[in-house]
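2 protein chains.
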Amino acid sequence: MQKNSLNVSSISEGFVLDHIKAGKCMEIYKYLNLDKLDCCIAIIKNADSNKMGKKDIMKIECPIDVIDLDILGYIDNDITINIIKNDKVVEKRRLKLPVQITNVLKCKNPRCITSTEQGLDHVFVLTDEEKKTYRCKYCEQKYK
Amino acid sequence: MQKNSLNVSSISEGFVLDHIKAGKCMEIYKYLNLDKLDCCIAIIKNADSNKMGKKDIMKIECPIDVIDLDILGYIDNDITINIIKNDKVVEKRRLKLPVQITNVLKCKNPRCITSTEQGLDHVFVLTDEEKKTYRCKYCEQKYK
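So the sequences go chain by chain: A and B.
Quick note: the first sequence uses my numbering, first residue 66, plus one each step.
Quick note: the second sequence uses my numbering, first residue 66, plus one each step.
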């Protein structure tokens, strides 16, 4: 029976991302560039949840200033972030839509300067919080 | 402290893949097409290991006939597979190099029939077990 249980040990510093929409964990893994980190990462996809039916959970052991979590607000507003330091949850953070997103979304307007010039940052700005509308900082094209 | 521990419950039917080379778990996730499965999957990347220093571990809860694990022999020969049924480990399997691999590797020979004809299976055959050499079934091009 030994190998039928899996122990995810507690971490001294890092993050637990809870209440991730079921199936979204790999998208988050990609957006946070976690493949570039050497730290210990635990992911549970499609875990049972009383509140949500199914959910994903992620646990990332790393110095808490290494990862910029703001982008998560864009991906999934309902994620709960538990920040852990010295073996304790020091903060629970709810996400907001980020005011500005850099180098995550790409402007699809072929006439935009980011399409014609190489090496420019792709920057999108939140222009309508209620409708979750982001527009390119340069050409104001709406991101769909 | 509650959210600092993560409980991966035991499964009644499925697989535990252990001793995966550290960092290889996402490649396995991709090769096994796990994104298409709705089942519960737990992944630990860069877990501490007495034997290996670091390792990855995966736990997949699904009917055991749903996944073809043979391809894992090609990706990482040292993975230990624990097959679970009725809450018990019913088999421990060591991997061998698969004799034939279908639609995983792609033949890069531009003159191969699989490059010119659409919809053909890409099939590679093990031609040298010691050197882990695979050749295209159609044009015998060696896979590098």
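For the record, the hints were derived by calculation from the structure and aren't laboratory data.
Please note that a few of the clues may not be correct.
Copies of one chain are not kept apart here, so a pair can be met inside one copy or by any two copies together.
Derived DMTMM-like pairs: lysine to aspartate or glutamate, alpha-carbon spacing no greater than 20 Å straight-line [what the hints assert, rightly or not]: (1) Lys-89 x Asp-100; (2) Lys-207 x Asp-193; (3) Lys-119 x Asp-100; (4) Lys-119 x Asp-103; (5) Lys-101 x Asp-113; (6) Lys-86 x Glu-205; (7) Lys-197 x Asp-103; (8) Lys-161 x Glu-78; (9) Lys-116 x Asp-103; (10) Lys-207 x Asp-130; (11) Lys-202 x Glu-182; (12) Lys-161 x Asp-103; (13) Lys-196 x Glu-126.
These figures come from a predicted structure and were not determined experimentally.
For Lys-89 vs Asp-100, is the C-alpha pair at or below 20 Å within one copy, between two copies, both, or neither?
both (16 Å within a copy, 10 Å between copies)
Homo-oligomer pair classification [Asp-100, Lys-119; C-alpha up to 20 Å]:
between (25 Å within a copy, 15 Å between copies)
Treating 20 Å as the Cα threshold, decide for Lys-202 and Glu-182: within, between, both or neither.
within (15 Å within a copy, 44 Å between copies)
One pair to classify: Lys-101 and Asp-113, alpha carbons no more than 20 Å apart. Within, between, both, or neither?
Answer is between; shortest inter-copy Cα gap is 18 Å, intra-copy 29 Å.
When Cα atoms must be at most 20 Å apart, do Lys-161 and Asp-103 count as within-copy, between-copy, both, or neither?
neither (28 Å within a copy, 28 Å between copies)
Lys-119 and Asp-103: within-copy, between-copy, both or neither at 20 Å Cα:
between (28 Å within a copy, 10 Å between copies)
Checking an output row: Lys-207 and Asp-130, CA cutoff 20 Å. Within, between, both or neither?
Answer is neither; intra-copy 31 Å and inter-copy 46 Å both fail.
Within a copy, between copies, both or neither: which one fits Lys-197 and Asp-103 at a CA-CA cutoff of 20 Å?
Classified as neither; 33 Å inside a copy, 28 Å across copies.
Taking 20 Å as the upper bound on the Cα-Cα distance, should Lys-86 and Glu-205 be classified as within, between, both, or neither?
The answer is neither: 30 Å in one copy and 46 Å across copies each exceed 20 Å.
Within a copy, between copies, both or neither: which one fits Lys-161 and Glu-78 at a CA-CA cutoff of 20 Å?
Answer is neither: 23 Å inside a copy and 39 Å across each miss the 20 Å cutoff.
At 20 Å max between alpha carbons, let me know whether Lys-207 reaches Asp-193 within a copy, between copies, both or neither.
within (11 Å within a copy, 55 Å between copies)
Within, between, both or neither, where Lys-116 and Asp-103 count as close if Cα-Cα is 20 Å or less:
between (32 Å within a copy, 18 Å between copies)
When held up to the earlier numbered hints, the structure conflicts with 6, 7, 8, 10, 12 and 13 and fits the remainder.
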